[in-house]
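**Q** These are the residues of each chain, in order.
Number of protein chains: 2
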Amino acid sequence: MSADKYQDLLEELIEALDRQDKPKVKELFDELHTYDKAQFLMDLTPEQREMFRHFSDENLAEILEELEYDEQRILIEELGLKRTAEILEEMSSDDAADLLGELEEKESAEIFALMDDQEEVDIRKLMQYEEDSAGGLMTDEFITIPDTYTAGDILNKLRNLAPKAETAYYLYVTDVHLNLRGVLSLRELIVAEPDTKVEDIMSERVVSVPAEMDQEEVAEIMEKYDFLALPVVKEEKIVGIITIDDVVDVLQEETSEDIYRLGGLSGSEAELRESSSSAFQSAKKRIPWLAGLLFVGIMAGTIIEQFEATLEAVAVLAVFIPMMTGMAGNTGTQSLTVVVRGLTLGEFEGKGIFQVIRREAGVGIFIGIANGIVITIIAMVWQGNPMLGAVIGMSLMITLFVATLAGTVIPLIMDKFKIDPAVASGPFITTVNDLIGLTIYFSIATYFMEQLM
Amino acid sequence: MSADKYQDLLEELIEALDRQDKPKVKELFDELHTYDKAQFLMDLTPEQREMFRHFSDENLAEILEELEYDEQRILIEELGLKRTAEILEEMSSDDAADLLGELEEKESAEIFALMDDQEEVDIRKLMQYEEDSAGGLMTDEFITIPDTYTAGDILNKLRNLAPKAETAYYLYVTDVHLNLRGVLSLRELIVAEPDTKVEDIMSERVVSVPAEMDQEEVAEIMEKYDFLALPVVKEEKIVGIITIDDVVDVLQEETSEDIYRLGGLSGSEAELRESSSSAFQSAKKRIPWLAGLLFVGIMAGTIIEQFEATLEAVAVLAVFIPMMTGMAGNTGTQSLTVVVRGLTLGEFEGKGIFQVIRREAGVGIFIGIANGIVITIIAMVWQGNPMLGAVIGMSLMITLFVATLAGTVIPLIMDKFKIDPAVASGPFITTVNDLIGLTIYFSIATYFMEQLM
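Line by line, the protein sequences are chains F and C.
Residue numbering for the first sequence follows the UniProt record's numbering, beginning at 1 and increasing consecutively.
Residue numbering for the second sequence follows the UniProt record's numbering, beginning at 1 and increasing consecutively.
None of these hints come from the bench; they were simulated from the model.
Take these hints with a grain of salt, some might be off.
[Stated by the list, open to error] Derived lysine-lysine pairs resembling DSSO-like cross-links, with alpha carbons at most 30 angstroms apart:
id	chain 1	residue 1	chain 2	residue 2
1	F	K106	F	K82
2	F	K237	C	K5
3	C	K125	F	K224
4	C	K26	F	K224
5	C	K26	F	K5
6	F	K197	C	K24
7	C	K234	F	K5
8	C	K237	C	K224
9	F	K37	F	K82
10	F	K224	C	K5
11	C	K5	C	K37
12	C	K125	C	K157
13	C	K234	F	K197
14	F	K416	C	K5
15	C	K157	F	K418
16	C	K418	F	K5
17	F	K5	F	K22
18	C	K157	C	K234
19	F	K125	C	K224
20	F	K24	C	K418
21	F	K37	C	K234
22	C	K37	F	K234
23	F	K5	F	K24
24	F	K37	F	K24
25	C	K197	F	K24
26	C	K5	F	K197
27	F	K125	C	K5
28	C	K37	F	K237
29	F	K285	C	K224
30	F	K224	C	K22
Remember, it's a predicted structure, so these values are computed and weren't measured experimentally.
Next up, chain F with everything else stripped away, as it sits in the complex (with noise of 0.2 angstroms):
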């Protein structure tokens, strides 16, 4: 369907809903696909929602798995606790998983005492793990086969199971104490002569991951093997699988995360779609970082003044003073940047950390070397005074040298300490490297004071 007919879909639909036209909002409604009838029913209003409250269980499922927690509260709350335990019974158990644990304690008691006692169990193992592990990813509701079975066994079989299953596409295969001991595509079970035995054509060699394993990693490793779905194991045995779909989505949200912590933001989830909060809110958020970076600031006031006698002798040095701080600044938030992506993206496994840091050292040098002959050339031209030429640009040329080091090695040192290097931000590498090139300049320049004068 074009997308020209997917428009003119939505305006009959919203015309039938005006009418109150139940079959036919049904009827129109079932032609979408689940993402967007999801999008449409948080577009209404809870007057207009009402008529979607006959819908199917299944159907309802469905829509819930599709948005966010705070849309999904909004549901819940028209729909009341009971119907919610009903629906998510027919909801994938990592969606209900997920949901349930964001919800309050008191709350999500109440729901599982609506549900059904096993569904409660299954759900609350899925629980037990971390959010951002690949217990936390993944679903219990896979395919496990018999290795003594043939091809055309398992494809009758299918017909029955593959309905329930969250992927079809990989089929598992168990030992007689239920180990995982292969893994065969529904594409290859389907190009198999029927009276093949599955262990002769399953594919032996399964990666798997431990429940522990952080997210990313897992991410990391669906992404580089192209890989639709990963079985999750525990003493062998497989308790899950995570599937293609929340990968991409746990990239998106890990690069989020990222992207906003260089630029100096914290991140948090609810952060990531501050774009729909209240401006006081989003500033309530950002000022903590912006007040410490205040205080930064103001300590590099403290060095401009320990150098006040210097500064009031020479004057034209402050004219300097952002450009040394700029630049410092720059160079800095470069080699942050190339070092947190390397780092997500693993690309410094194997290499040893100090050839990271010799190259960006030697980066440094070279940048330093270059704008410091530049700036030299133009103070000496703008000022007419040689001496100035020399002290900026030799100011310059360390600082440099300096800041880009600081801006390579910090970040390796928290990685080194497990904290998300990321957090090492933009902003914090910007003003630590503002310090360094103000005491660097002020020392130098200091030192040259009476050639200068």
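Since chain F is already given, all that's left is putting chain C on it; use the hints.
**A** Showing chain C alone in chain F's frame:
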């Protein structure tokens, strides 16, 4: 297979290679996943790689598909153009087209001359699309089925078709005119009774994209609908499909670009693998940006120079220069980050641009007032000069408001003019805001100069 076992396998493989035990090498190598095969091969010396020449074209084609262009280049040179042509015939047509597109005109012409004519036509068809468009991402190895067939017919046919297709998980249903009419997932096919007509089980809600669509938009669609593959159509006929693994790569690539540009790096593809280039090459790539910013830093100097009389009269004003420029830069970077990320994720769709600006302006006012009050008190107490405190506070308040707006409006304007706003990178906004901050600060200080002395 666990990570430990995998490591053992790799070690055994290296031993076999050292012993020149060809059959053992082949056996162990075949147990590796394609991605690991490719990595293993690239870690060897050209002499060690000699043995792998004797592998089948299919085997080498798979490996070549996993590699980046600079690595492919190395293998191609070792294998020679004739063998390369044979291997390219076995590669996915989209990967073959990408590789041939990177080669020199002369080389690719030579390879085409050595290839099967039909292969050449197929690949050239793919090469006509922009690299970062839907057409550039798609493969022509998809499966179409006539709408008149039954589920059983198709399952039988698939035995022959599936091995050749890039993905067999979606089957595209066409009518007598070969126009795309619907889609059937492999899972739905298996669940269906064998004598059901395809027409009756297919989904007519097939979302498709035109070949010209930008890859970022394609990724967005696949992400929101959780598709594993997406058909590309031209005049209602399917010309290719895009698979999820390519989209995951696009997401990573586009993100890296955004992050690099925010960090003041060029974000060109070569830069994305910067950590493997030499210090001198990296420095050369970063210097243009820094040199540009050096000149802006000098412009900031000329602003200060214009106010030299003020500065000589009230030398203590210099103490607050780094704080003023630093804060202006930081708040601008925060706004920039929110706006660039919002644009990338399509968060502003539906809302007007002015709504975003109004909100950020609100943020700027709150941030300005809060920080302005704090710095007024600090400056008063520290320097024992109430008037100085008032001037600093007022300047910071106005600067933060203007700087927040600049960090919002500049990327939005760039986006309107179809310039990637991530190019208005962190360093750029920071430097513009330095100029704004200094001008406001010294203008206000000069106005109140007599009261300050």
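**Q** Flag every earlier hint the structure violates by its number, smallest first.
**A** Hint check: 5, 13, 15, 20 fail, others pass.
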